[in-house]
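Colleague: This is what each chain is made of:
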Amino acid sequence: MTLDQAFEALRKFDWGTPLAEVSGIDDAVVASHADAALRQDLEGRLIASLSTDISRDAKDYVCRKLAIVGSPAAVPALSGLVAQEDHSHLARHALERIPGPEAASALTGALDKVTGKVKIGVIGSLGARRETAAVPVLAGLLGDADPAVARSAALALGAIGGGDASRALQAAIGNGGKGNLTLIDVLLSCAESLLSGRQTAEAAAIYRSLSGDEQPRLVRLAANRGLLACLSAQA
Amino acid sequence: MTEHESSAAARQKTSPSRRKFLKTASAALAVPYIIPSSALGNAERPAPSDRIVMGGIGIGNMGRGDQGAFLDRKDVQYIAMCDVREANREQSKGQIDARYHNKDCQVYSDFRELLARPDIDAVHIATPDHWHAIMVIEACRNGKDVYCQKPETLTLREGPLMIAAGRRYGRVVSGGSQRVLEDYRQYVEPAWAGEYGTIKSINVEVGPLPQLCNLPGEEMSEKIDWDMWLGPAAWGPYNSKRCSGSFSIDGSSWRSFSDYSGGGMTDWGAHHFGGATFICDVRDLQPKEVVYHDTPERKYLEYHYPNGLTIYHNRPNTGNMHIEGTPGEKLPPKPVPQYQGEGGIYGDFIHCVKTREKPFRDIERAVNTCVLAHLGNIAYQLKRSLKWDAAAQQFVDDTEANRLVDRARREPWQL
Numbered sequence: 001m002t003l004d005q006a007f008e009a010l011r012k013f014d015w016g017t018p019l020a021e022v023s024g025i026d027d028a029v030v031a032s033h034a035d036a037a038l039r040q041d042l043e044g045r046l047i048a049s050l051s052t053d054i055s056r057d058a059k060d061y062v063c064r065k066l067a068i069v070g071s072p073a074a075v076p077a078l079s080g081l082v083a084q085e086d087h088s089h090l091a092r093h094a095l096e097r098i099p100g101p102e103a104a105s106a107l108t109g110a111l112d113k114v115t116g117k118v119k120i121g122v123i124g125s126l127g128a129r130r131e132t133a134a135v136p137v138l139a140g141l142l143g144d145a146d147p148a149v150a151r152s153a154a155l156a157l158g159a160i161g162g163g164d165a166s167r168a169l170q171a172a173i174g175n176g177g178k179g180n181l182t183l184i185d186v187l188l189s190c191a192e193s194l195l196s197g198r199q200t201a202e203a204a205a206i207y208r209s210l211s212g213d214e215q216p217r218l219v220r221l222a223a224n225r226g227l228l229a230c231l232s233a234q235a
Numbered sequence: 001m002t003e004h005e006s007s008a009a010a011r012q013k014t015s016p017s018r019r020k021f022l023k024t025a026s027a028a029l030a031v032p033y034i035i036p037s038s039a040l041g042n043a044e045r046p047a048p049s050d051r052i053v054m055g056g057i058g059i060g061n062m063g064r065g066d067q068g069a070f071l072d073r074k075d076v077q078y079i080a081m082c083d084v085r086e087a088n089r090e091q092s093k094g095q096i097d098a099r100y101h102n103k104d105c106q107v108y109s110d111f112r113e114l115l116a117r118p119d120i121d122a123v124h125i126a127t128p129d130h131w132h133a134i135m136v137i138e139a140c141r142n143g144k145d146v147y148c149q150k151p152e153t154l155t156l157r158e159g160p161l162m163i164a165a166g167r168r169y170g171r172v173v174s175g176g177s178q179r180v181l182e183d184y185r186q187y188v189e190p191a192w193a194g195e196y197g198t199i200k201s202i203n204v205e206v207g208p209l210p211q212l213c214n215l216p217g218e219e220m221s222e223k224i225d226w227d228m229w230l231g232p233a234a235w236g237p238y239n240s241k242r243c244s245g246s247f248s249i250d251g252s253s254w255r256s257f258s259d260y261s262g263g264g265m266t267d268w269g270a271h272h273f274g275g276a277t278f279i280c281d282v283r284d285l286q287p288k289e290v291v292y293h294d295t296p297e298r299k300y301l302e303y304h305y306p307n308g309l310t311i312y313h314n315r316p317n318t319g320n321m322h323i324e325g326t327p328g329e330k331l332p333p334k335p336v337p338q339y340q341g342e343g344g345i346y347g348d349f350i351h352c353v354k355t356r357e358k359p360f361r362d363i364e365r366a367v368n369t370c371v372l373a374h375l376g377n378i379a380y381q382l383k384r385s386l387k388w389d390a391a392a393q394q395f396v397d398d399t400e401a402n403r404l405v406d407r408a409r410r411e412p413w414q415l
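Chains Y and Z, in that order, give the protein sequences.
End of the first sequence sits at 235 in the working numbering; the numbers just go up one at a time, nothing left out.
End of the second sequence sits at 415 in the working numbering; the numbers just go up one at a time, nothing left out.
Since the hints were made in silico from the structure, they are not lab data.
Keep in mind that this is a model prediction, so the values were computed, not measured.
Please note that a few of the clues may not be correct.
Here are the computed distance ranges between Cβ atoms for each label pair [claimed, not checked]:
{"hint": "1", "chain 1": "Y", "residue 1": "ASP14", "chain 2": "Z", "residue 2": "TRP226", "range": "36 to 46 Å"}
{"hint": "2", "chain 1": "Y", "residue 1": "SER196", "chain 2": "Z", "residue 2": "LYS288", "range": "16 to 26 Å"}
{"hint": "3", "chain 1": "Y", "residue 1": "ASP27", "chain 2": "Z", "residue 2": "ALA390", "range": "28 to 38 Å"}
{"hint": "4", "chain 1": "Y", "residue 1": "ALA205", "chain 2": "Z", "residue 2": "GLU297", "range": "55 to 65 Å"}
{"hint": "5", "chain 1": "Y", "residue 1": "THR52", "chain 2": "Z", "residue 2": "LEU212", "range": "13 to 23 Å"}
{"hint": "6", "chain 1": "Y", "residue 1": "GLY163", "chain 2": "Z", "residue 2": "ARG99", "range": "47 to 57 Å"}
{"hint": "7", "chain 1": "Z", "residue 1": "GLY344", "chain 2": "Y", "residue 2": "GLN234", "range": "38 to 48 Å"}
{"hint": "8", "chain 1": "Z", "residue 1": "GLY170", "chain 2": "Y", "residue 2": "ALA205", "range": "46 to 56 Å"}
{"hint": "9", "chain 1": "Z", "residue 1": "MET220", "chain 2": "Y", "residue 2": "ARG225", "range": "25 to 35 Å"}
{"hint": "10", "chain 1": "Y", "residue 1": "SER196", "chain 2": "Z", "residue 2": "HIS101", "range": "33 to 43 Å"}
{"hint": "11", "chain 1": "Y", "residue 1": "GLU85", "chain 2": "Z", "residue 2": "GLY308", "range": "30 to 40 Å"}
When the alpha-carbon atoms are kept at most 16 Å apart in a straight line, the in silico EDC-like pairs for lysine to aspartate or glutamate are as follows [to be verified]:
{"hint": "12", "chain 1": "Z", "residue 1": "LYS330", "chain 2": "Z", "residue 2": "GLU195"}
{"hint": "13", "chain 1": "Z", "residue 1": "LYS383", "chain 2": "Y", "residue 2": "ASP146"}
{"hint": "14", "chain 1": "Y", "residue 1": "LYS117", "chain 2": "Y", "residue 2": "ASP164"}
{"hint": "15", "chain 1": "Z", "residue 1": "LYS383", "chain 2": "Y", "residue 2": "ASP27"}
{"hint": "16", "chain 1": "Z", "residue 1": "LYS299", "chain 2": "Z", "residue 2": "GLU205"}
{"hint": "17", "chain 1": "Z", "residue 1": "LYS223", "chain 2": "Z", "residue 2": "ASP50"}
{"hint": "18", "chain 1": "Z", "residue 1": "LYS354", "chain 2": "Z", "residue 2": "ASP50"}
{"hint": "19", "chain 1": "Y", "residue 1": "LYS117", "chain 2": "Z", "residue 2": "ASP227"}
{"hint": "20", "chain 1": "Z", "residue 1": "LYS387", "chain 2": "Z", "residue 2": "GLU289"}
{"hint": "21", "chain 1": "Z", "residue 1": "LYS223", "chain 2": "Z", "residue 2": "ASP110"}
{"hint": "22", "chain 1": "Y", "residue 1": "LYS12", "chain 2": "Y", "residue 2": "ASP53"}
{"hint": "23", "chain 1": "Z", "residue 1": "LYS383", "chain 2": "Y", "residue 2": "ASP26"}
A virtual CB, placed ideally from N, CA and C, is assigned to each residue, including glycine.
Produce the complete structure using the sequences and hints provided.
Modeller: Listed below in structure tokens is the structure:
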């Protein structure tokens, strides 16, 4: 099957269409690894198809392919889908994987335009990208009026890790977040990443802050286990 | 969720222990109450306070077997179950209540409610694979020990996060392949006895690869929370084959489809690759590269390990578990690891819940097995050889392969 035939089939592709009818696109994804001209052609066609009236299923399929071969050139077309509930997930799937500041900016920029589940998804994608530049905006969402958004921001900060994310989480715990197990869990996770990055003092400080009697037993034990790991790392 | 979690935390801090609860509850009864000997415990049945209190999530084909195994144990009190299918909830509750001659089993359609219960010590999870990581991690956050059916992971990234969550909270997290120990004894025992000498290679025959599901929508033929069944996977219309828990991997069950499973590579691969790594004693290692071969006869793989071992996948003209040793060499024997406790892999898990030891199928070893299957799926998909940096958990110099290490989760689900 030629690429032309596959893209022709994509125009009518929908749930129930045999995947063999678009297999030429899958073949091109693989073949273009060693063929820059084919890759550029393929990506251009995929991007163009997103602005046509192909089915939801077809757009999902295209996003899955752009997740593998997409470059910053695909970001404008994908970012147009992020705010649409039906397309947001797989558009994010591609944007999570496209390297460079363009995809990160598209996700960060979408935060103000979306709400509810879609916003949670965008936050999750920033976390999955470990987008350190997004730490301030994610930190701001820790106090969001929607508890699900706040929880998502905490999980994203935990995925990003590092000193800035840790400090944001500690501040949130100190600012009414005591007893919030998600905040505590992701802070413990940050301490683990700091420890594995040999920032032992910073990790130990986090563990000490979570080892007091006011914490649930599960958390105290985790913090004490972490402190022992810090001592072991220092020895 | 903040409010929900605050209350969960408060419960953890303030709720009485199970022993105190039972004591208080008994004292509060205003009528004469005869405590059955079974409640106090006897030689055959531990007292309630000494039983492991369990719940189950995903009670379909595999979950029913797991539930039955735990339910049969005298040292387990099974009190809750969760499933997105109404029929599974009804059937499971019926079995549990019949076992205890009461109506006490609580049923849930949202696993988070079950996991938030402070009176549950341990859970078993037997959902489709796309749910495993989220549920295992959430269970650990809630202080539960976990028995998770194989294949434990759907993506390469999930494994380290599941291990970290288990280790963070000191949880016992066991994978669910009973075959690793039980099916390959004829190879394991001579291998660990040193009779093969240094094992140079072993072949695993398993498949097929997963495929994208593009089944058409159809009228819903069962009472199922479809959004919850899909969970973190991409949206797709209801189709009974898409969500069938059948063991087939030919396109008529979720095990066939890449959004929910790694296909035969992970489904039976969890057993066969697990057995191969056990035979060769590399359960604690991950391969450093996978070499892709496309021959007229068939496509096949070589996994190269840092210690020099090669695991083949579908090597032409070679049978499953075919071992290439070192003729004339005899190595010092090593004791073969076994389950602890009684009752196979389930007994091993319960024993470890009580003793806090690592189970035979500790999550880290289960994840290492899944890594083989995932690396293989990616190499076959991209049709090329790949180098794997196990420490960094990423491919070396291969941007596209690294894009396949994980996938975005459908909102609102997140790791």
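Colleague: Please go over all the hints and tell whether each is borne out by the structure.
Modeller: Structure-based check of all given hints:
no. : hint                            : verdict
1   : Y:ASP14 - Z:TRP226: 36 to 46 Å  : violated, 19 Å
2   : Y:SER196 - Z:LYS288: 16 to 26 Å : holds, 21 Å
3   : Y:ASP27 - Z:ALA390: 28 to 38 Å  : holds, 31 Å
4   : Y:ALA205 - Z:GLU297: 55 to 65 Å : holds, 60 Å
5   : Y:THR52 - Z:LEU212: 13 to 23 Å  : holds, 21 Å
6   : Y:GLY163 - Z:ARG99: 47 to 57 Å  : holds, 52 Å
7   : Z:GLY344 - Y:GLN234: 38 to 48 Å : holds, 42 Å
8   : Z:GLY170 - Y:ALA205: 46 to 56 Å : violated, 21 Å
9   : Z:MET220 - Y:ARG225: 25 to 35 Å : violated, 46 Å
10  : Y:SER196 - Z:HIS101: 33 to 43 Å : violated, 51 Å
11  : Y:GLU85 - Z:GLY308: 30 to 40 Å  : violated, 52 Å
12  : Z:LYS330 - Z:GLU195             : holds, 5 Å
13  : Z:LYS383 - Y:ASP146             : violated, 45 Å
14  : Y:LYS117 - Y:ASP164             : violated, 26 Å
15  : Z:LYS383 - Y:ASP27              : holds, 10 Å
16  : Z:LYS299 - Z:GLU205             : holds, 12 Å
17  : Z:LYS223 - Z:ASP50              : violated, 37 Å
18  : Z:LYS354 - Z:ASP50              : holds, 9 Å
19  : Y:LYS117 - Z:ASP227             : holds, 13 Å
20  : Z:LYS387 - Z:GLU289             : holds, 4 Å
21  : Z:LYS223 - Z:ASP110             : holds, 15 Å
22  : Y:LYS12 - Y:ASP53               : holds, 10 Å
23  : Z:LYS383 - Y:ASP26              : holds, 11 Å
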